[in-house]
Amino acid sequence: MKYSKTLSLSLLTLMLGACGGEQQESANLHGPDPELPEPQRGLLPSMEIAEPEQWGDKRPIVPDGFTVTAIATELQIPRQTLVLPNGDILVAEGRGGNAPKLKPKDVIAGYIKAKGNTSVESGNRLTLLRDSNGDGTYEEQGVFADNLNAPYGLAFYDGNLYVANQDALVRFDYEEGQTQASGPPEKIVDLPSEINHHWTKAMTISPDGRFLYVGIGSNSNITERGMEAEVDRAMVWQINTETGAYKPYATGLRNPTALAIKPGTDQLWAAVNERDELGPDLVPDYLTSVQEGGFYGWPYSYWGQNVDPRVRPQDPDKVAETITPDYSLGSHVAALGLDFSSEVMGAEFSEGAFIGEHGSWNREDPVGYKVIFVPFSDGRPSGEPVDFVTGFRDEDGTTRGRPVGVTVDPRGALIVADDLSNTVWRVAAQ
Amino acid sequence: MTATVDRHYQHQTIHPLHATLLASTIPLFLGALLSDIAYFNTFQIQWSNFASWLLAGGLVFNGLAILCAIIGVFRAGAQRGKYVLYLILLIATWILGFINALQHAKDAWAIMPTGLVLSVIVTLLACAATWVGLTNLRSGAAE
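Residue numbers (my numbering), protein chains in the order written: chain E, 1 to 430; chain C, 1001 to 1143.
None of these hints come from the bench; they were simulated from the model. All figures in this text were calculated on a predicted structure; none of them were measured in a lab. Note that the Cβ used here is the ideal one computed from N, Cα and C, for glycine as well.
Per the computed footprint, the stretches of chain E lying under chain C, defined by three or more beta-carbons under 8 Å from a beta-carbon of chain C, are:
#1 101 to 111
#2 216 to 224
#3 311 to 319
A short list of chain C residues far from chain E (calculated; beta carbon distances all over 12 Å):
#4 S1024
#5 I1037
#6 C1068
#7 I1070
#8 V1073
#9 F1074
#10 Q1079
#11 V1084
#12 I1088
#13 A1128
#14 T1135
#15 N1136
Full structure from sequences and hints, please.
Structure representation (structure tokens):
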């Protein structure tokens, strides 16, 4: 791990100030109207890779009035979680993607980035966790289903358990209390999976159970694999649960990594990861309500009508129709988890959304590596985000965990999947 | 007679391995330039992938030629001046070629137009280095 640190430092030194040395925590990076600096990119991109370390006696830091416990460890790359009606928790485990390395750069960057991630094999399974007596200790842990293909999005409605693999949407029958799937799943529809540069298929379900919403990330950072690779990418599909019929629900969303319906409404929300290599404070990852038929900019423009000069041919018509997202989470935080809160999380955190931030890899001054809470009022995000779970990464780069999916457990807890330490954390209100 | 011709030949050129490494830089850097021109005109991204790999290949051969040239400088004797000029040209080619490789590591159109300009300069430098290397120097090994 020393090596990667040294390497990243020497890369930074080589940049000769091309990327502007000092980083001040600029006043206005979050919220509805973030500051957008001029795009910049030195000859070498900034890379600051996490240095993995065991948790040992350390624990994530949670606000007063909350406790944190590891309810499952030694998983095989936990990503997203789902709380079933009886309180059992399902954990989707795996690693996807099969993007070929097209340039010398891909070979080098792939090697460096791998140092900041777990080296555990992809689980390709769902693990079920059970706490029979409700004491917060999940004493039962078993494999609910395996032989899946990098499962990520999970949704449940009335006896149907939906799983979004990296290449297909599948369905299991589920009866309350079941600890193991009764058989292999039934495929509802294939999902776009060629290349799968961004492979995660985030998912949520409409309140009436009729439609699934599946996020399909772009096949590149900014079209460097060609526009042909971007057919059916960077969009959210709406899929009929009965027939498997689908349509693009919203487009131009570069990498919609987490989807959720705001409780009490039919409104879909998405956490979206934006493009890299335009500088440390571009482009903000965001939380936004998703309008049916809306276009959100990728690849032609970012944060509304800011044209990205790296895309050829350009498309001024698409730029003109781009919707500006609702709420900036900050650039490069890598928001991978989203769930709406409720009164079970206590008065201070009752109205708003929790966001799991995996953390940056291409920013000199790392950001993310925590779970935040975005307060809402009148159904809209309002105010600065609040740190909810921290302590995943130290100042010196030592990193014990990286949050992914977050799920509110109606019993009064936030379930956080951590794909670096392969742990599921439970942050319970006391 | 044959021996005389051989001797004459050896006196005129650098070592064949050195010459091969040196001459290889031209098609590789020129290939990168042509690929850049194709990407510039068509927006077809595959051309920029070709350019990136051709540049990387050019840098490998260019680097090996620099090693040969460094050895040659020490064995050049009276020709040292020409050899130093040759070495400087090779190193200049490599440095600009490396900067060009970093430029080509940017995504999509961010490569342009700087990448194309650098490819022109690097190709010209490689031609100059090869010209000097193949016409003005003789192999130290032949002495």
